[in-house]
Amino acid sequence: MEVKDESENSEDEELNKHIKLGRHLFRRPTQLKLEGEIWNATESAEKFVQYLLAEKTQLLRHPTTLKMEGDMETKTENRDKYVAYENQIRPNLLKTDTHLHLEGNIDISTENRDKFLPPELLPRPPLAKRNTNLHMEGDMHLGSENRDKFIPLDPLPRPPLTKRGTNLHLEGDMTLNSEYRNIFVGFEELERIRPAFPTNNLKSDGFLQTETETSKFVKHDIQPVIPLLRNYDVGKRINLGDEPIVKKA
1 MEVKDESENS EDEELNKHIK LGRHLFRRPT QLKLEGEIWN ATESAEKFVQ
51 YLLAEKTQLL RHPTTLKMEG DMETKTENRD KYVAYENQIR PNLLKTDTHL
101 HLEGNIDIST ENRDKFLPPE LLPRPPLAKR NTNLHMEGDM HLGSENRDKF
151 IPLDPLPRPP LTKRGTNLHL EGDMTLNSEY RNIFVGFEEL ERIRPAFPTN
201 NLKSDGFLQT ETETSKFVKH DIQPVIPLLR NYDVGKRINL GDEPIVKKA
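If you count the sequence shown from 1, position 231 lands on 231 in the UniProt record's numbering, and the numbers rise without skipping.
Heads up, a few of these hints could be off.
Ranges of calculated distance between the beta carbons of each label pair, as one might list FRET restraints [said to hold, decoys possible]:
#1 E46 to F26: 27 to 35 Å
#2 L117 to G143: 53 to 61 Å
#3 V185 to G165: 38 to 46 Å
#4 E35 to L60: 53 to 61 Å
#5 F48 to R27: 22 to 30 Å
#6 H62 to T42: 31 to 39 Å
#7 H169 to R147: 48 to 56 Å
#8 E120 to T98: 41 to 49 Å
#9 L93 to H62: 51 to 59 Å
#10 R28 to A54: 32 to 40 Å
#11 N146 to E171: 53 to 61 Å
#12 D154 to L127: 38 to 46 Å
Source of the hints: derived by calculation from the structure; they are not laboratory data.
We put the CB at the ideal spot given by N, CA and C, even for glycine.
Construct all of the structure, not just a fragment, from the sequences and the given hints.
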């Protein structure tokens, strides 16, 4: 068996302290018990080693015998000649000059342009049944075989429900009074009890003055937002679009 160091034992004790501080589920007492003991130890329990807080192994690159013959040069042949221009605008696409020209002007009008008639929007013709030479040999008889025997019935009121007679009868009379009828007390309509509110003993030390000091009140006129219109008469109706001062502003 492996022997643990004192440092490992101290770490285990600290870990057990933190575990015991948590909330545990308690098993309720019961009278059901096993006849014997359960053997918890497995066949490989003696060989098991419990590692605490083990770190995840890092991925390592497999060694290989393939290597570069020399160092990789990241600079290209034209790197020294490169000039970094800032804030450049993409040039416009220009049509290259050519010596190919048309012998004459292009005639846009076609040969049938003079004969062209723009179609007018005509109303849709109504749907009409086409004529046909197929006719029935005789007339269609719409009346059914039982038409002459048909009797139109007027709506009649629903017949009342009648109780069918029966030979079953009670041996005695039915007592409609219940057993507690003599004890029943009919309460009359009583008035609803009003809720009793507790008395308030809190009172103000002095009197509440409801009159305000109206002599100190100053009424301010409403001024327009535009500074040029503040000197105009308020009662005058002003159209801001036609006012010359507004147009100048």
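Checked hints:
1. E46 to F26: 27 to 35 Å: 32 Å, holds
2. L117 to G143: 53 to 61 Å: 58 Å, holds
3. V185 to G165: 38 to 46 Å: 43 Å, holds
4. E35 to L60: 53 to 61 Å: 55 Å, holds
5. F48 to R27: 22 to 30 Å: 26 Å, holds
6. H62 to T42: 31 to 39 Å: Taking Cβ atoms as reference, H62 and T42 lie about 37 Å apart, which means the hint holds.
7. H169 to R147: 48 to 56 Å: About 53 Å separates the Cβ atoms of H169 and R147, which means 48 to 56 Å holds.
8. E120 to T98: 41 to 49 Å: Holds, since E120 and T98 (Cβ atoms, about 46 Å apart) stay within the stated range.
9. L93 to H62: 51 to 59 Å: Holds, at about 54 Å.
10. R28 to A54: 32 to 40 Å: Distance hint for R28, A54 holds at roughly 37 Å.
11. N146 to E171: 53 to 61 Å: Once the Cβ atoms are compared, 56 Å apart, the range 53 to 61 Å for E171 and N146 holds.
12. D154 to L127: 38 to 46 Å: 43 Å, holds
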